[in-house]
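Which chain is which? The protein sequence lines are A and B, in order. 84 is the number that numbering that gives the first Met the number 0 gives to position 85 of the first sequence; each next residue is one higher, with no gaps. 171 is the number that numbering that gives the first Met the number 0 gives to position 172 of the second sequence; each next residue is one higher, with no gaps.
By construction, these hints were calculated from the structure, which means they are not laboratory data. Keep in mind the model is a prediction, meaning the values are calculated, not measured. Incorrect hints may appear among the rest.
Stated by the list, open to error - With a Cα cut of at most 25 Å, we get these calculated SDA-like pairs of lysine to any residue:
no., chain 1, residue 1, chain 2, residue 2
1, A, Lys-66, A, Pro-332
2, A, Lys-345, B, Met-142
3, A, Lys-66, A, Arg-79
4, A, Lys-168, B, Ser-30
5, A, Lys-25, A, Val-205
6, A, Lys-168, A, Arg-246
7, A, Lys-345, B, Ala-157
8, A, Lys-66, A, Ile-36
9, A, Lys-345, B, Ala-143
10, A, Lys-168, B, Ile-70
11, A, Lys-345, B, Leu-146
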Amino acid sequence: MDTLIHIFSGIVTLLWRVVTDQPDQKAELLQALPQAISPLVNVILSISPILMIFPGLFALTTWLERKGLGRIQNRLGPNRTGPFGLFQPVADGLKMLTKEDIIPRNADQVIHFLAPITLVIPTFLGFAVLPMGRHLVPLNMDAGLLFFFAMGASTELSIFMAGWGSRNKYSLVGAMRAISQMISYEIPLIISSVTVVMLTGSLSLVNIVAHQSGWLGGIIPRWNVLTPWGFAGFVLFLIASLAEANRSPFDIPEAESELIAGHLTEYSGFKYALFFLAEYLGLFAMAGLSTTLFLGGWNAPFEFLDFVPSYIWFFSKLVGLVLLFIWIRGTVPRLRVDQLLNFAWKFMLPMALINLVVAAIWHYTSVWVFPASLILRWLFCAALILIPYFALGKFISNAGHFAPRTYRYAE
Amino acid sequence: MQAIFAIIAALIVVSAIGAISFRNLVHCALSLVVTFCGVAALYLQLGAPFAGWVQVLVYVGAVAILIVFAILLTRSDENKPEPIFGNNWKAGGVIGLLLFSVMVYAITRDGLDSTPLPAKPELTVREIGVDLMTQYVIPLETMALLLTTAAIGAVIIAIRLCNPESSADSDTHAKAAGSVEATH
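Model the full assembly from the supplied sequences, consistent with the hints where possible.
See below:
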């Protein structure tokens, strides 16, 4: 009985310390437990917040997205269930759970069943390395960024499994489009984040955030996004992560009007909900990573705001990026598949490579010490990015890509 | 530790046998992916996280996709079951046995069981990076050059130089997918 009370009070103290942004006493709590169950409790304590917070955020985001899109399209959005339609995600979830799970007779049963599972697991694993607060790091891995990208890369195969296992032409075409899109955009995604690794000198996301802490004169944060290479990298990373998460304007794999939702065609009920969940979790993971890499992670924007708990900063930046994604979805039309791949290979990749060189120049010009050297350095590097940007943009738009499309199979 | 190794080893062996014995080629490819994951788990268990995650990133993320693309773009009739044994399985079996016996000989001759294990090095990613950029820079650059050449070559094969009607479409597509993979 005494041990139970001890454990309970320990957990309450743990929660209190997490909420008030202090280092927790997890190690002491684990020592009080019997030897046999302490590793299990350790794992559960680390995993359960991720398993609770991000699906909760997913439910909130679906509501926010439908409301936001409704506002953009001049209609009301969900407004029947609960106040302002806030309980709509609950109703949707119940509907998904009770729906019949239809599996096509010709489908490859095992692969069709495994695809949503193998998609959700790596997506959840990606969150393990994100530092969500000053002391809220589930796993401080030496190769954290590499782990994140390894998990992201293994989701491509699940989409293939979904498309191929359904035995449906539309599914397969959608899956192939999704894979070619994800592979094409993965390269600018990784190269644009490599700049941060170069300047920080570490693959650990904790070190990357620590490198961005502090303020110049108490007001200008030392975030990567405020440097020329960081800003270019942030924009490239954001575009590539939209494509990785299959979000509009890069939602060609799902294209309801042409491909009847691509690899999702033959999924219904809870499996469809799992795909939906994985898509939004991937979006949160990408938003969290871009916050960590470029927006200073959990650091406060101004020194006098540092008293606000760090996790509030992390999550408000993350939700801000998600709102940006919703805004983009409501306003930008979908690209055609050839435009999409051309954009990745002819614009994103060269810009990412140029940005890599600019980051190196920024690093080597850090030895400049004379009056206004920082401003000069900033302008020099910005020019090195902007001139190729305009030249490349002009070159691509003059290359005749806006002629009417010639169809190869139709006509 | 022994139990974990046993589980990983069993997973690798079973999935590798699956990779050569399923009748459907896509099933074989997916079984091979399980083998890749098992090898990555083995690296992790041996205390080499960098190698393990690179294994996942490169093999599961890229090589498996390359294999799958190659299967889908070259086979048209996927309902026809493939025979398990190919035409020259006897020669393959002999070569496999020879290789296996050479490896068994090499391992037992050195007496790996008797020699004490060297101290496990505490390798950080930083040290691996420094080594790659100093001691192993020439092999690294050679590989980079080779991969770039392969990518450019694939693009040259895939590019349509003349009028679009005359070229064989399916063939071009297969090569284009290959070039995407090669740069990856």
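TODO: Would you check the hint for A/Lys-168 and A/Arg-246, treating anything up to 25 Å between C-alpha atoms as holding?
DONE: Holds, at about 22 Å.
Task: Distance restraint between A/Lys-66 and A/Ile-36, which requires alpha-carbon spacing of 25 Å or less - done: Status violated; Cα separation ~45 Å.
Open item on the list: Given the hinted pair A/Lys-345 and B/Met-142, is their Cα-Cα distance within 25 Å?
Closed with: Judged against 25 Å, a Cα distance of about 24 Å means the pair holds.
Open item on the list: Check whether the Cα positions of A/Lys-168 and B/Ser-30 lie no farther apart than 25 Å.
Closed with: holds (23 Å)
- [ ] For the pair supplied as a hint, A/Lys-25 and A/Val-205, confirm whether the alpha-carbon distance does not exceed 25 Å.
- [x] holds (19 Å)
- [ ] Sort out whether B/Ala-143 lies within 25 Å of A/Lys-345, counting only the CA atoms.
- [x] Since the Cα atoms of A/Lys-345 and B/Ala-143 sit roughly 20 Å apart, the hinted pair holds (cutoff 25 Å).
- [ ] Verify the proposed pairing of A/Lys-345 with B/Leu-146, using a straight-line Cα cut of 25 Å.
- [x] holds (19 Å)
Open item on the list: Tell me if the straight-line CA distance from A/Lys-168 to B/Ile-70 falls inside 25 Å.
Closed with: holds (16 Å)
- [ ] For the pair we were handed, A/Lys-66 and A/Arg-79, check the Cα-Cα distance against 25 Å.
- [x] Between A/Lys-66 and A/Arg-79 the Cα gap is close to 12 Å, so the pair holds against 25 Å.
Open item on the list: Hint check: A/Lys-345 vs B/Ala-157, CA-CA at most 25 Å. Holds or violated?
Closed with: With Cα atoms ~16 Å apart, A/Lys-345 and B/Ala-157 stay inside 25 Å; holds.
Open item on the list: Against the 25 Å threshold, does the CA-CA distance of A/Lys-66 and A/Pro-332 hold or violate the hint?
Closed with: holds (19 Å)
When the structure is compared with the earlier hints, a violation turns up for hint 8 alone.
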